[in-house]
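Colleague: Bring the two chains, given one by one in their own frames, into a single complex with the hints.
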Amino acid sequence: MMLLKLAWHSLGSRLGTVLLTVLMMSVSVFVLLSVENIRQQAKDSFQQSVSDVDLLVGPRTGQINLLLYSVFHIGVPTHNLSWDSYMMLKQHQDVDWTIPLSLGDSHRGYRVVGSEQQLFEHFRYRSDNSLEFASGQTFRDTYDAVIGAKVAASLGYQTGDKIVLAHGIADTSFSRHENHPFQISGILKPTGTPVDRSIFISLTGLEAMHADFPGANTAPDLSPQSVTAVLLGLHSKIKTFTLQREINTYSDEALQAILPGVALSSLWSMLGGVEQTLWVISLLVLLGALIGMVNVLLLSMRERRHELAVLRALGYRPGFLFALLQLEALLITASSIIVALLALWAGDIWLREWLLSQFGLFLSESLLQPGTWRLLLGIVLAAMISALLPAVNAYRQGLNTQLR
Amino acid sequence: MLLIEDLTFRYPGADKDLLNIPHWQVEAGEAIFLTAPSGSGKSTLINLLAGIITPQQGTIRVLDTPINQLSARRRDAFRARHIGMVFQQFNLIPYLSVADNIRLASHFSALSTHEADKRALRLLDKLGLSEMEAGHKAAQLSVGQQQRVAIARALINEPQLLLVDEPTSALDTAHRDKFIDLLMQQLVPARTSLIFVSHDASLRSHFSRHVEIGALQHDAA
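Chains as they are written, first to last, in our numbering: chain A, 1 to 404; chain B, 1 to 221.
Just chain B, with the same shape it has in the complex (with noise of 0.2 Å):
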């Protein structure tokens, strides 16, 4: 599913690497626990993933797609088809509705307004989210809401690779169980990869594997 290979990634006027990757490998349906200090690249990494920011060598292969190697333009479209994220906090446009806001996402699906509507409003009953709260706009949402429909954007395209930064750290901890269940539940059915990074190792246990960013890096080999 993601394949990365020799990467290596410094920052421009940077003297070393802030990452040295020579290998990594991500199974469809992984659920991978991915922690790091800061300062240590993880959202470089996520970036990097994303097709955002380009490594200066390597190749990082996403479902057997040279993502880094791909136009911009391609790299863009491809993320609208087969990534999600879910960041730390201000996922949503604060002006937009809901609804809207998961509209900034279905556009680029292939299904109809229409049929892209009923399922975002599937996902938001899911995730414990009524179709009356679907027309409120984003900024009016607790927080917890917000991350929610977060995840519904990131998955109304039923991507493959499903990135998500820290989302719990504006969280409590019973919410944060909760949420981290919900995110899993969704998960399933479609197979989806997850890459989910946090520094809270107790969240650890709600995944398949957990990998220590440090470990990944070249010097650790």
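The following block holds chain A by itself, in its conformation from the complex (with noise of 0.2 Å):
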């Protein structure tokens, strides 16, 4: 109890260092617990843009390629499959529901996707969310489009606006299917996937945009010709590798079926770099803070001579005096954790909102993850460590010290 005491007191005693001291530990564990979280959040959310999505079947070409123009829309498909193709799968006996995408139109830099009604039934992200709305409905008409948040944020679009698509992927594509605007039917609620940056329409909706009539005399046929990639959801998954090994060698058309959990994960783990960056980043927050509160105690140590002259004459062992400045240091960290965790929670509930729309990152539910507690004990254990520094050297004092 004396130990604490005294570790309270003179810590009290230097009240502006420390404070400088417990700021500047709170701010690089903040900086620590948030890049931890993110980062976690970012591999989560980038390894979830598809779940509950069994297989992911496209013409044959690289598994990455595949993944990487069907759910993320980065790159061109080369080739489409066939609309044979499309309902062999979707009348396939071990098939659940299909989810067609089309792609190849854009509309100002954000990809056009053709899909069905299943799309807004079926698809899922993150574990277990389906895609809901913000304002509006899914597309009943033809002509009805519905956009992602990311798209109604930075196009400020709304509801019943009209809007034009363009074929191919530019901005400035000269073809624009200007006789056939689309009126946007919904904006869906942000979700932290490229959902957000997509414009979804009826794949007869895209048949229709190309299929270019001038009026609506003559009905032209607007069945769909072909599909660039399909997700699968099958009756029960233990079927997923035989029906893989049986649309990999169907021999009407070159196909090939992934499985999207095992292709995000390999392509996060060629993305790697930049959340190891993030981590050095922080952890040289940290070793900067840790220093700087090495430095403070050190400091200290010159003005504290008599004080632990005094406890060596009173009869305290220099074991003592060690304890005590790792106590101080202690006390110094677990408040630096304590404030960091508030600052944590409170931007939690400020910004949980605007992150999610602004930045499409999603906080998981509880900021202390197993991960988390691990971290923070590894913080702790880091200042106790560089606490020894000061430490070793009140040992020292107490040792050589001379009363006088």
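Calculated from the structure, these hints are not laboratory results.
From a predicted model like this one, the values you see are computed outputs, not experimental measurements.
Check the hints yourself; a few may be wrong.
What the hints assert, rightly or not - Covered by chain B, according to a simulated footprint, are these stretches of chain A (three or more residues, beta-carbon under 8 Å):
hint, stretch
1, 16–24
2, 305–311
To be verified - Residues from chain A shown here face chain B by an in silico Cβ test under 10 Å; the list is partial:
hint, residue
3, S10
4, G12
5, S13
6, L234
7, G315
8, P318
9, G319
10, F322
11, R396
12, L399
13, N400
Every residue, glycine too, gets a C-beta built ideally from N, C-alpha and C.
Modeller: Here's what the structure looks like:
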């Protein structure tokens, strides 16, 4: 108890410096925890950009390539799979549901995705979230479009607005389908996935746009000829590998089926460099704060020479002085962690919605995950090790002190 | 009470002994006035008697215990229970209250916290400090008050030996005499032996015996 009282009052007597040190440490712990949380969330929302999809089927191309253009809308699909193949998949006995994806058009830099109603029924991201509407509803009419949250936010669209879609993916694409403006029927809530940057229309709408018919006098055949990729949900997950093999060896057309989870993980590991850089930077910030704390404690040793001598004269052991310095470091570290957690908690309350809508970053429900506890323990340990320097200094001063 | 035999001490790297005391004895209840010119090793002697440092040769017996032969841990414990110390200045931890400063010492006593606190208040009262002042931070007190608190703390565990090193150098003459009177009054009941180091010869009259450090040394014999 004497030890705690001494450490507490000792810190209290140097309140200014100590508060600055706590602030410095808090900032670094805050950065570390935020980076860790965001890193984890980025990874999770990336790897779960599509969840609950058992197979992703497209024309034969690389696994990463198929994933990139169908899920992340990066790059251009080289060719499509035929409508017959799509129907084969849809009617397959093991298949529960299908979501067709048809790419190739854009609107002011945002990709247009042709799909069907099943998208809103079966699409899942981040374990079990389905797409929800912030306003409006799904496409009912041929010329209806549903837009992602990011599209709506950056272009300032609202339900009921009319938009013109362009062929190709460049913003300045010359071939605009100006005869066929689409009406925005619904806006989706933010998801933190590529869905936020997409414009969804029905496959029929897509065909109609390309059919380029001038009026409504002759009804052309608007049944789609092909799709770019298909997301499959199976009745039973056990069938996944059997069906994958079946699709990969399908004789009528060269198809490829991939497991989205596996492909996403391998893609993320390719992007791991960024993650590690963030991590290293936040560790360096922590290192700086620890050096600052050690510096403050070491500087205090000079003015505390008498104090340590008095304690020795009263019969306190050099080990007590060692423990005193360690305890002071521990108190500083613990306060910093508490301040950082409070800040993080407050930030989570105030910024959760904003982060999701602005950056598509979804913070998990719980800030304190098992990983966080391990991280905090690591910080305390690092602080204790850093505090060895002033503590050993105090110990040696206690051994050699000459009372006068 | 205190018995020194064949003591030699030199600092590492020094080419001759700083202290070489063949024999010195202090009885219980004696009040020794020890004068020493600076550099003659008086602080070193105090540190040796307190068991903070140990001599190269010889024995220092306090209460028949050869303290220089104890382990470091036991020496520290022995000092806590049997030896009180008051220094020139900087006796108190500035950021603790007067009461807590005294508790730093009574922590080692066999008394309960409550009894120790009562005894501390009695001591402070005799030394002219009120209960209110016991709650003040040490840094708020005058130098004279701080020195009186230092005596209270040094005596709280009723030590058999009290080592006092130039405690009055920061006080003016009037306060100095009052301080020494107060100190002496506290010693009598417990028959505490006092070794009072000073170079101020005018204080000599307060003490039962006057010893010149040079007279203890080997070459003086």
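Colleague: Next step is simple, just say for each hint if it's right about the structure.
Modeller: Tested hints:
no., hint, verdict
1, 16–24, "violated (count 0)"
2, 305–311, "holds (count 5)"
3, S10, "6 Å, holds"
4, G12, "7 Å, holds"
5, S13, "3 Å, holds"
6, L234, "71 Å, violated"
7, G315, "2 Å, holds"
8, P318, "8 Å, holds"
9, G319, "9 Å, holds"
10, F322, "14 Å, violated"
11, R396, "13 Å, violated"
12, L399, "8 Å, holds"
13, N400, "9 Å, holds"
The structure does not agree with the numbered hints 1, 6, 10 and 11 stated previously, though it agrees with the rest.
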